[in-house]
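Novice: Residues per chain are reported as follows:
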Amino acid sequence: MKSIYFTFDYVPFLRREAVKRVRGIISRQRADISIFPGTHTGQELAARLAVRLGIPVVSGVYEIELAGDDCVRLKSSVCAGELLSTEIISPPCLICLDHNVEAEELGIDFETADISKTTASDDFSSSSLGDARGLEDAELIIAAGRGVGSRPGFERLLRLSDSIGAAVGATRPVVMNGWASMGIQIGVSGAAVAPRSMLVLGASGSEAFTAGISEKTTVIAVDKRKDAPIFRRADYGIVSDCLDILTSLEKKTEET
Amino acid sequence: MEILVCFRVVPDASMASEENWLSGQGVCLGGYLRRVLDTYDECALETALRLRDSLAESETDVSLSAVTIETLDKDAKIYEQLFALGFESVTRIDCGCDLSFSPIEKARVLSEFVNNRTPTDLILAGMRGGLGGSGLLPSALAEYLDLPHFPAACSVQMLTTGELELQSASGSYISSGKLPLPLVVSMGNAPGSLMRIPTIKQKLSVRGKCATELKISAAEQPRSMHMTRPQRSRQCAFIEGGAEQLSSEILNLLKGEHY
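First to last, the sequence lines map onto chains A and B.
Going by our numbering, the first sequence runs without a break in its numbering and finishes at 256.
Going by our numbering, the second sequence runs without a break in its numbering and finishes at 259.
Everything labelled a hint here was simulated from the structure, so no lab data went into it.
Model, not experiment: these values are computed from the prediction.
Take the hints with a grain of salt, since some may be wrong.
Claimed, not checked - Taking lysine to aspartate or glutamate pairs in the EDC-like style, the calculated list, with each CA pair at most 20 Å apart, reads:
{"#": "1", "chain 1": "A", "residue 1": "251", "chain 2": "B", "residue 2": "240"}
{"#": "2", "chain 1": "A", "residue 1": "224", "chain 2": "B", "residue 2": "240"}
{"#": "3", "chain 1": "A", "residue 1": "75", "chain 2": "A", "residue 2": "109"}
Stated by the list, open to error - For each label pair, taking beta carbons as the anchor points, the in silico distance ranges come out as:
{"#": "4", "chain 1": "A", "residue 1": "15", "chain 2": "B", "residue 2": "204", "range": "48 to 54 Å"}
{"#": "5", "chain 1": "A", "residue 1": "73", "chain 2": "B", "residue 2": "119", "range": "41 to 47 Å"}
{"#": "6", "chain 1": "A", "residue 1": "15", "chain 2": "B", "residue 2": "162", "range": "48 to 54 Å"}
{"#": "7", "chain 1": "A", "residue 1": "158", "chain 2": "B", "residue 2": "12", "range": "24 to 30 Å"}
{"#": "8", "chain 1": "B", "residue 1": "196", "chain 2": "A", "residue 2": "17", "range": "35 to 41 Å"}
{"#": "9", "chain 1": "A", "residue 1": "52", "chain 2": "B", "residue 2": "73", "range": "31 to 37 Å"}
{"#": "10", "chain 1": "A", "residue 1": "1", "chain 2": "B", "residue 2": "35", "range": "25 to 31 Å"}
{"#": "11", "chain 1": "B", "residue 1": "35", "chain 2": "A", "residue 2": "155", "range": "30 to 36 Å"}
{"#": "12", "chain 1": "B", "residue 1": "244", "chain 2": "A", "residue 2": "15", "range": "56 to 62 Å"}
{"#": "13", "chain 1": "A", "residue 1": "20", "chain 2": "B", "residue 2": "74", "range": "50 to 56 Å"}
{"#": "14", "chain 1": "B", "residue 1": "73", "chain 2": "A", "residue 2": "158", "range": "26 to 32 Å"}
Ideal Cβ placement from N, Cα and C applies to all residues, glycine included.
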């Protein structure tokens, strides 16, 4: 079974010639499995080709294994990582990787086709989201969820983190509320972090958020609801209003 | 200017307990869970409202429409909210089957709807495409409609030249540029983009207004997906005590001193 992994540099907007070029490569090389990175560009190529070629596409894939002579078993994460799916399909097919997975981790042999020259677009300018990089390298992180209640609540957390030398992260609702910049969002659609320790204040713990936290990180969670999903992903839990804990932490750090 | 937003109303997954997720082989997020707009779709709806507001200053006529694929009529209150905020039409497509895990077929159904209405200048959608969202739907819709697609937008503004000024955030990059219409834009992490709440006056003015029901048949594409829950649970040790004691424990834990 022939597999091709398509690689390219980051592009914010895909040139449509790229789809034509990839289609040509798949056709010429008679690829059974065409694999794309789990990026927006990878998803766009896979989706457009699925329409053009009329073949199945599976996204969020993290493992591929042969199942007999003409089938493959695909393992993928669905519902923003809340569930894992296993399914058997017959190639030809298109596969879009999970955003955390590199093709080398798939467990199958493949050829690589670099299509960077075709995807590159001059119409857009790009720059780095500086905050996220700091978050990804941090040893200590304090992350805020909706429970901080307001922008002033989030700003109190910023001051606390400054006084104890921690980086600050946030869940998606905090960013959507406009309390924090999107550069510090943690999770499936934000930064993947691996600090030594992390304090999570007032986040219920959706999979989309916790998927961005390393398994090796010691997680301390504070939330009002004892049955909040965050406690299933935490090593230490405190059932309390996070603003009360924040007040107490502020006093403690002022004393020291 | 015709703006169409594709949206989904989904069970509030953040309220789901462990046992809510699976039943046998399938997802069983029960009907008793609160139903909410998909968060990325909510961004798309609010973005459409902001574009309308900004274009009102230049006296450009903007028509807002919204469309969803949903077999059962169970989200009337959300549709009413959209009418109250100024969406002129809300269409619920009943395709007779569940397309949660069939983004390509879902895109085909939506493209059929788009092709049979007034020419649309801008199609907005959330980048996830609903609960079972794979991120493939907006690109597939653009392909069916033979339109360009701009992914993961975090800011969308109309320029006097008739072009859209777009910004996207993806990984650790932020990018910006301009694109002409017509276009499909999928909304990503746009800060401050929770959908506004209609006033009581706005709500009263549309009371009882229903979404238009439209039947478009879809080719059901059965996928034999065996679902499991990821085993990522940790043994959480609950710490109790007064606020002062708890804050001391937290600071010790952050320093790496075990409880």
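Novice: With reference to the structure, classify each hint as holding or not holding.
Specialist: Structure-based check of each hint:
no., hint, result
1, A/251 with B/240, "19 Å, holds"
2, A/224 with B/240, "13 Å, holds"
3, A/75 with A/109, "17 Å, holds"
4, A/15 with B/204: 48 to 54 Å, "49 Å, holds"
5, A/73 with B/119: 41 to 47 Å, "44 Å, holds"
6, A/15 with B/162: 48 to 54 Å, "22 Å, violated"
7, A/158 with B/12: 24 to 30 Å, "28 Å, holds"
8, B/196 with A/17: 35 to 41 Å, "40 Å, holds"
9, A/52 with B/73: 31 to 37 Å, "35 Å, holds"
10, A/1 with B/35: 25 to 31 Å, "43 Å, violated"
11, B/35 with A/155: 30 to 36 Å, "33 Å, holds"
12, B/244 with A/15: 56 to 62 Å, "60 Å, holds"
13, A/20 with B/74: 50 to 56 Å, "42 Å, violated"
14, B/73 with A/158: 26 to 32 Å, "45 Å, violated"
Going down the numbered hints, you'll see the structure goes against 6, 10, 13 and 14, while the others check out.
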